[in-house]
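Chemist: Take a look at the letters that make up each chain.
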Amino acid sequence: MNIASVHMFSDVPLSWYLLLSAALFCLGVVGFLIKRNLITVFMSIELMLNGVNLSFVTFAHQWHAVKGQIFVFFVMMVAAAEAAVGLAIIIAVFRARSTLAVDRIDLMKL
Amino acid sequence: MTLLQFFLWSLLKVVVVTVILLMAVAYTVLLERKLVGRIQNRWGPSRVGPFGLLQPLVDGAKSFLKEDIVPTAVYRPLYLLAPIIGLSCAMISIAVVPFGDPAVTGSGGFHFFEISDVNIGLLVILGITSIGVYGIALAGWSSNNKYSLLGSLRSSAQLISYELALGLSLVGVVLLAGNLNLRVIVESQARHGLLSWNLFGGFQFVAFFIYLMAAYAETNRSPFDLPEAESELTAGYHTEYSSMKFAMFFMAEYANMITVGCVATLLFLGGWTSPFGSLFPTPNNILLQSILPIFWFVLKVFSFLFLYVWVRGTLPRFRYDQLMNFGWVYLMPLAILNILATSLWLAYRS
Amino acid sequence: MHLVLFLIFAGFCLAGAINLLIQRHPITSALSLIVVMTSLAVLYLLLGAEFLAAAQVIVYAGAIMVLFTFVVMLLNASREERTLGSRAAAVLGFPAIVVILALIATVILHAQGLSTAAMREGITSTQDLSTVLFTNLLLPFEVTSVLILVAILGAVALARRGAGEGTEGQ
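Protein chains in written order, with the numbering used here: chain D, 1 to 110; chain G, 1 to 350; chain C, 1 to 170.
Don't take each hint at face value.
[Said to hold, decoys possible] Quick list of the computed label-pair ranges, beta carbon to beta carbon:
hint, chain 1, residue 1, chain 2, residue 2, range
1, C, 149, G, 311, 23 to 29 angstroms
2, D, 74, C, 74, 53 to 59 angstroms
3, C, 79, G, 5, 49 to 55 angstroms
4, C, 24, G, 39, 50 to 56 angstroms
5, D, 93, G, 112, 55 to 61 angstroms
6, G, 209, C, 74, 29 to 35 angstroms
7, D, 74, C, 99, 41 to 47 angstroms
8, C, 156, G, 22, 39 to 45 angstroms
9, C, 139, G, 347, 18 to 24 angstroms
10, G, 203, C, 113, 33 to 39 angstroms
11, C, 127, D, 109, 34 to 40 angstroms
Please keep in mind that the hints were generated in silico from the structure rather than gathered at the bench. Every residue, glycine too, gets a C-beta built ideally from N, C-alpha and C.
Modelling step: build the complete structure from the supplied sequences, incorporating the hints.
Modeler: Next comes the structure, spelled out in structure tokens:
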């Protein structure tokens, strides 16, 4: 697929979807490492999960396999459960430490 | 039909439907004011134009000309974004609603009476309802006012609680029709006129009741209008908004009412099909065949809005804990029982 | 058509993800993540997964992110501060991630047998999805519903005010 044959009505090669998925995943990892607010770190985890979902759907399209999409469905359900419990933990941590800054919640005992 | 022609015709459809929706929103406000007035034994607006029919135009001009007060300490980007989210989510849902007979088509199968025919039309409407919560949540938080924040949190909690009952009540209809496409759902109710509508022949009256209650809660209308009642929390999430931004929230509420009415008409009341069914033969004239289904659709939506305003004028409002209790403890299990009963009946019938 | 739509919504995805990293206030990061999720829903539609696109909007953008937004509003999270730790992580983290992304991109671009995606083919109907979900994969489905029940109970137990009383005392 050379760049000269790409025009407005051409199809999109699936490798581009996979590259986007990898980029989203890596941006999620960067967010996890550099952000200093507990909620934003959690949001970067959700971004990673979304990146992986995109690659599942891409491969489901490639192999015409519905199970790829069903796996995405399960990832969404597990992410929902994880978000609920994780945010409840964040609220409990906030009540105990009165801060959401990651650098101040780094000791188990104050 | 080439791509360019398709785009131009679609743009025309979108413009016509948007203009009609905005005018319908304005005249729904007038309908409510006159109807609530008559229920309270007084005339509604009756001085501007004959029977007060020019009142919405005057109200629109007033909204534009009012002073726009923006408090100093608001979080400006979200303060300006929240009414935009509210109004656009309220108006997007009409894109998947078919309001006329799909048998009348243009060249290349172009539907005249539906902006887009989506296979998952019902889920699109539920998704847009879910996104509409952000308008209210961000409005209350960005206003930097404790009453707005509390009002918006209450309202958002009410919205997401009743979204559940709303979605579950629609599952019975989807089970009967076997498809999520709104056009197919209406066509499955078209066989015997009134008796084959999902409300009567499909025995979905429990689902209709649940949908009605959930719709009143979703659009923040009486008897569930605690978040925005004037005597509660100083008008809730739109306390700090004035002039056009407030008018956008106001229009969003009525546009939501109209959308919910359209969805109820499509799913429970048979959409554009006439209640007489096959008693009268279909007219041969193409103009009559186009106009008559639209007339039935508008009549059904109008009667749904009439019911909305009637309930608003008659019933007192719920207290907040009664409201949440009603949604979680009564409506949701009832909706699940409805799904169970519908599936058992379908399994028995086949 | 497919290419134009892909480029627009992939652009939104990347812009939203980068905005999530750049913004210092958590509420704007949350809104950027919502933009990423709705753009991903459109990309799922382009790949023919229509039910997943709707589920992405309803579940992820309409429920999970509402939860995040509520928590940000309730805990009144404010702007982040730049600390020594965050500067160190940025200095070390960015090059490492660029290396990892380059590795993954090399693997993807050298893969054989990847086809293209066209607009009209490979649309998975809801019926196909649900047939497999409720017959072959019924057990994971039921287990997931138990998981969600457990998560609800756990969240309610953790976020209740009574949870902190055991740690107070003389």
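Chemist: Are the hints correct? Go through all of them and say.
Modeler: To see whether the hints hold, each was checked on the structure:
Against the hinted window of 23 to 29 angstroms, the Cβ-Cβ separation of residue 149/C and residue 311/G comes to about 35 angstroms, which falls outside the hint. For the hinted restraint 53 to 59 angstroms between residue 74/D and residue 74/C, the CB-CB distance of approximately 29 angstroms leaves it violated. Between residue 79/C and residue 5/G the beta carbon distance is about 51 angstroms. The supplied range of 49 to 55 angstroms therefore holds. The hint said 50 to 56 angstroms for the Cβ distance between residue 24/C and residue 39/G, and at roughly 52 angstroms that hint holds.
For the hinted restraint 55 to 61 angstroms between residue 93/D and residue 112/G, the CB-CB distance of approximately 57 angstroms keeps it satisfied. The hinted window of 29 to 35 angstroms between residue 209/G and residue 74/C holds, with their beta carbons roughly 34 angstroms apart. One distance hint, 41 to 47 angstroms for the beta-carbon pair residue 74/D and residue 99/C, is violated here, with the actual separation near 31 angstroms. In this structure, residue 156/C and residue 22/G meet the distance hint of 39 to 45 angstroms, their C-beta atoms being roughly 43 angstroms apart.
Our hint of 18 to 24 angstroms for residue 139/C and residue 347/G holds, since their Cβ atoms are close to 22 angstroms apart. For the pair residue 203/G and residue 113/C, the beta carbons lie near 52 angstroms from each other, so the given range of 33 to 39 angstroms is not met. A hinted range of 34 to 40 angstroms for the beta carbons of residue 127/C and residue 109/D is inconsistent with their spacing of about 56 angstroms.
Consistency note: the structure conflicts with the earlier hints numbered 1, 2, 7, 10, 11.
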